[in-house]
Structure formats: structure tokens, C-alpha cells
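J.: Taken in order, these protein sequences are the chains called C and D.
Just so you know, we're using UniProt numbering here: the first sequence kicks off at 1 and counts up by one.
Just so you know, we're using UniProt numbering here: the second sequence kicks off at 1 and counts up by one.
A few of these clues could be false.
To be verified - Listing some non-contacts, in silico: residues in chain C with all C-beta distances to chain D over 12 Å: (1) Ile2; (2) Arg19; (3) Val51; (4) Thr81.
Stated by the list, open to error - Per label pair, the in silico range of CB-to-CB distance: (5) D:Lys152 - C:Asp55: 43 to 51 Å; (6) C:Gly172 - D:Arg207: 52 to 60 Å; (7) C:Ser107 - D:Leu105: 30 to 38 Å; (8) D:Lys318 - C:Asp133: 23 to 31 Å; (9) C:Ala26 - D:Leu327: 36 to 44 Å; (10) D:Thr284 - C:Gly38: 27 to 35 Å; (11) D:Gly267 - C:Asp133: 41 to 49 Å; (12) D:Ile182 - C:Pro104: 51 to 59 Å; (13) D:Val150 - C:Gly38: 55 to 63 Å; (14) D:Val113 - C:Glu20: 53 to 61 Å; (15) D:Arg337 - C:Arg215: 52 to 60 Å; (16) C:Val66 - D:Lys152: 58 to 66 Å; (17) C:Pro104 - D:Ser47: 43 to 51 Å.
As the list claims (entries may be wrong) - Just a few of them, taken from the derived set where beta-carbon distance is under 10 Å, the chain C residues facing chain D: (18) Ser70; (19) Asn97; (20) Leu100; (21) Phe111; (22) Leu219; (23) Tyr222.
Note that these hints are calculated values from the structure, not bench results.
Even for Gly, the Cβ is constructed at its ideal location relative to N, Cα and C.
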Amino acid sequence: MILQTRAIGKAFGSVLALREVSMGVAAGQVTCVLGDNGAGKSTLIKILSGVHRHDAGELLLDGVPVSFASPRAALDHGIATVYQDLAMIPLMSVWRNFFLGSEPRKSFGRFDVATARRVAREELHAMGIDIRDVDQPVGTLSGGERQSVAIARAVHLGARVLILDEPTSALGVKQAGVVLRYIARARDRGLGVVFITHNPHHAYPVGDRFLLLNRGTSLGEYAKADITRERLTSLMAGGAELEQLEHELRRE
Amino acid sequence: MTAVKADERLADVGRLRRTLIRPELGAVVGAIIVFAFFAAQSPVFRSPAGIANWLDPAATLGIMAVAIALLMIGGEFDLSAGVLTGTTGLILVTLATEYGVNVWLAMLISLAVALGIGSLNGIVVTRTKLPSFIVTLGSFLMLQGINLGVTKLITGTVQVSGLRTAPGFESARVIFAGTIQIGQVHFRVAILWWLTATALATWVLMRTRAGNWIFAAGGNEQAARAVGVPAARTKIALFMTTAFAAWLVGSIMALRYTSVQANIGIGQEFIYIIAAVIGGCLLTGGYGSAIGAAIGAVIFGMADKGIVFLGWDADWFKFFLGAMLLLATLANRLVRRYAEEVKR
Ligand SMILES: Nc1ncnc2c1ncn2[C@@H]1O[C@H](COP(=O)(O)OP(=O)(O)OP(=O)(O)O)[C@@H](O)[C@H]1O
Ligand SMILES: [Mg+2]
């Protein structure tokens, strides 16, 4: 395991957003975090990525307890996060976004623009991302393309762990498929991936381990061998509730 | 395969549009129109001496507009920049005339004060997360009060003067307020400072990491911070850059006129912002250009002097100002729509 939590917890004032959650992510594996709205998924990954500090339990990096002071600190340890809404800066070009915060340098703090352009194009190509022009503003890319660029960026900048917060939730079937493919490609390159989603149908095909959250607590972490897609779906939706809903919605 | 082909063609059109739609575009077109308008009616306006004449207000305004453009691209405003040019000039002249300080030392001290005020603006804005519009409106009013109050306390009048006889004046004047002769025409040295500032700002924006951070801090501060950009530090540096520019302009003015009115610079802050906006800066940050702001300042310089050359009432300048601002913001909105439109 690269990154691991042990009975981790976080409270916002009187709100216990997260209680006793244990999970882990290993190199070359995808750990999916599933749960309903408000289950605590974002809170969990914000602890992993240095946005929040946990106030109970332990966060282990390579088996050593750590606590990240800032997103920068987490980044410096190779933990890169792609947030759904604030992954990229729409008015800036693809290559500027690609190297934002980790710009290649020449002497005197000069930004090596030529290298940045070339490497961005090559890296996107290597990940199989077909961007027509790296000079175009990121705002003109589709949602799926934007997520893909953010993933390629994290891979290139040497991330060991890639955290994705609901990268597929706003996307159509085809675009979601594209993003899932890049997740698989990042995994094949040896990164540990933490993939947050609402959708068990997105999680199951790429996931190696599944953490289920409900109202801030863990419903268990399962290896793929120990759980079927159907079981995952029903746990996720709270089985009985779904049956109830089906009953309610049935035509008279 | 036909689908792919159509796609490629679309991309080509997009590239053409992109090269055409640059932040400076509106300002360049505007400058050409304004020049043609005045040049057609006034031979003096288009003569070398006339050009030197209207380049001068463009230069002093332009130095400020370029700094304000950087700040606006970084997502903030500075309403105290105008009065700060007064504050720095007042400090310089007061120290040199009332306390016999060498002009160069007085300039250093006023620079230190300016940078202090700039960093204070920046720190308050980044720490409190209050809109910079409000924070710098506060410092604007405070500086305005200090400028008048302190000047009255020390001199009993609302101006300080007599810089000419101060030690070190002549050497400082040559560098900051002198002229350069090209052919028969004397150009103000301020024009050189302005060109240097524009070139430097453009280089920083386009070719340094700091430039990337400025665009990012203004475009989406949270996203920038999430990928490790020191957004707060970038913004504080931008406020200090603006303060530095205010010091430069304040010193140029003080050395040129050898006296400073205590109410100088009030109202200028909006002119800087307008020049930056005409030059393509978005009020919402994250987009704009230093060259654009410099050209915006040229438009102002031309209108300012051109109206006088034509013998019009100076009141028309205000009308002109408003019309340019509206046109520029409309043009900017089109650009932004284009840049942010999401292709499906
Ligand atoms: N900064 C905060 N201050 C107070 N409460 C918070 C804060 N962040 C999250 N919470 C609360 O913690 C709980 C878990 O929120 P979280 O954002 O982690 O859910 P989530 O699983 O990501 O949900 P979604 O699927 O809607 O994104 C919610 O009840 C939320 O209101
Ligand atoms: Mg969430």
C-alpha cells in the first residue's frame, strides 16, 4: 500500500463528516470509493490530498504516519488530485494548464515555453488523448477531454497516487468511457488510483478494491473477488430502499 | 471518415479565429481609428512634435495601466494606485525641501513606503478574502486624507514645492523627467520608461512561471492553489508591482513639475482600469494583456491632446472615455464567450 487510512475521522464543528474509515491504495491498482450524496467521499479524499487534516485515526504514506499541511505538501509526496469542478483554468491554454504549478524552468526563472508546448503535446498523445491544438483554451474542451488532460498531467508530473473526485459524474456514456480508459492507462503505468464515483457501473470494470461509505462511516472495503457487481449496486443504493422506491414508482 | 474531415476543417477555422481574437485586438483597432480621426483633421497631431506631445500623457498613464493590467489579470483591483502616485511625490518633495534630504535618498524612502502600502493592500486582500475593490477603496480614502492632512500640517498649504534647489535634483531629473532629442523633436524620457515597463510586463506574463501563476490566480484561484500555485504570494507581488509603478509615475511627475499638489492623482485610478479594460483585460480576471493596456493608454493620450489640437471643449474627453469603455467591454465579452464556450 502506498497510501492508507486507519480508522480515520473528521468533524466539522458538530458534524461528524467521517468516522473510523479504513482504506488503502496500492501501486498499479484502482481503489473505488462509492457512496451516496453527503456520504463523506469528498471529505475522505480531501484528507488524502492535504486540503483537510484528519482529527482521528491515522494516515499512512508508505506505512509511515503523516499529515499533510497543504495540497502542495501532498503533491510533493506524489499525491495528485483532480477535482471535478476545479481541475483546470478555462481561459488558459492546454499547455499552460498542463504545467501549471510545475512549470519547466530555464535560467532566471524563465518558463521553458517551447518545452512545455512540446511535452504537453507528446504526453497527451502518449495517453492517447487527441487534442487538436495545445494552444486552445481549456474552456473549449469537452468535459471528458478536460478530465483526460488533468489525468495525463498528473501522470506526467510523476504522481504515485492519483485521486479523482467524481470525474465521470457529469459525463455522457461515451465520454465517461473515455475517462475510464485513461484511468486504466494510469493504473497500467503503475500509479495507485483512488476513484470516487456515485456509479457502480463505472467503478466495477476498473476497480480492484471498493470502499463503500454511508453517512460518514464505512460499509466495508472489498476486493473485487469478494463482491459482485449486483451486490455492489445494491449495497450502494441501500438494496431495500431501492426495492421500496421501485414499489412506489410502479403504476397503479 | 467524413466526420473526421469535417472536424479538421472546423479546427482550422478555430485556429484562424484564435489568432484574430487576441486581447489586444480591440485596442489596436480603436487606436487606429482614433489616430486616423485626429490626424485627418489636425496636421499638428500627425507631425513628429505632435506625436511626442500626445505620447507623453500616454506614457505616464501607460506605466500605471500596464501595472494595473497585471493586477487585473491576477484577479484584483487597486483603487489606491492613483492617490499613491500623489503620496510618493509628496514624500519625495517634502523630504527633499523641508528636511534637506538628498533627492535620491528621498526617492528610496518613498519607494519603501510605496512598497509597504502595496504589500499591505495585498496582505489584507489575500488574508481576509474581502474584495480588493473594497479594501483598496479604504486605502484610497485613507491615503487621500493623509496626503492632504500631512501636507497641511507640514507646509500650511495644500502643495509642496521647490524641489529644483534640492541636492541631487539635476541627476534625478535627467533620468526620470528629462527629454531625448530625436531629429528636431524632444521626446520625454517617460516614454522610454513606459516602453520598458510594457516589454517587461509582457515578458513576465508570457515567458515566466510568475506569468503563468498570474493568469491562474485570476482565472480560478482555488484551482490554481490546488495544483500548488502560490496564489496569495503572487497577488501580493502584483499589488507591490502596482505600488512600484505608482512610485515611478509619482517621482516622474514630481521631478518634472518640481512641486506636487496634495490632491493629485485622485480619480486617476479609474482611468488606469479603463485603459486596461480597453486593452483587453477582463474585469473578472484571468485574461488580458500588458501590450493592450499600453495601447489603451495611447488611445487616451491621443484623445486627451487631440481634442485640444482640434480646439474642442475638453469636456468631450469624458464623453469619449465613456464611449470607448462601453465598446471595449462589449468586444471583451465576445472574446470571453468564445474562449469559454464548451464544445460538445
Ligand atoms: N467544510 C465543511 N464544513 C461543514 N460540513 C461539511 C464540510 N464539508 C463537508 N461537510 C459535511 O460533511 C458531510 C460529507 O460531505 P462530503 O462532501 O464528503 O460528501 P460526498 O460524499 O462527497 O457527497 P457528494 O456525493 O454530494 O459529493 C456532509 O454532510 C457535508 O455537509
Ligand atoms: Mg463530493
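J.: Indicate, hint by hint, whether the structure satisfies it.
T.: Structure-based check of all given hints:
1. Ile2: holds (19 Å)
2. Arg19: holds (26 Å)
3. Val51: Label violated. Min Cβ-Cβ 8 Å, cutoff 12 Å.
4. Thr81: violated (7 Å)
5. D:Lys152 - C:Asp55: 43 to 51 Å: violated (56 Å)
6. C:Gly172 - D:Arg207: 52 to 60 Å: violated (39 Å)
7. C:Ser107 - D:Leu105: 30 to 38 Å: Once the Cβ atoms are compared, 34 Å apart, the range 30 to 38 Å for D:Leu105 and C:Ser107 holds.
8. D:Lys318 - C:Asp133: 23 to 31 Å: violated (43 Å)
9. C:Ala26 - D:Leu327: 36 to 44 Å: violated (59 Å)
10. D:Thr284 - C:Gly38: 27 to 35 Å: holds (31 Å)
11. D:Gly267 - C:Asp133: 41 to 49 Å: holds (44 Å)
12. D:Ile182 - C:Pro104: 51 to 59 Å: violated (41 Å)
13. D:Val150 - C:Gly38: 55 to 63 Å: holds (57 Å)
14. D:Val113 - C:Glu20: 53 to 61 Å: holds (56 Å)
15. D:Arg337 - C:Arg215: 52 to 60 Å: violated (42 Å)
16. C:Val66 - D:Lys152: 58 to 66 Å: Cβ of C:Val66 to Cβ of D:Lys152: about 60 Å, so the range 58 to 66 Å holds.
17. C:Pro104 - D:Ser47: 43 to 51 Å: Holds, since C:Pro104 and D:Ser47 (Cβ atoms, about 49 Å apart) stay within the stated range.
18. Ser70: Given a least distance of 9 Å, the restraint on C:Ser70 holds.
19. Asn97: holds (8 Å)
20. Leu100: Cβ of C:Leu100 sits 5 Å from chain D, so the hint holds.
21. Phe111: holds (5 Å)
22. Leu219: violated (29 Å)
23. Tyr222: Result: violated, 30 Å to nearest chain D Cβ.
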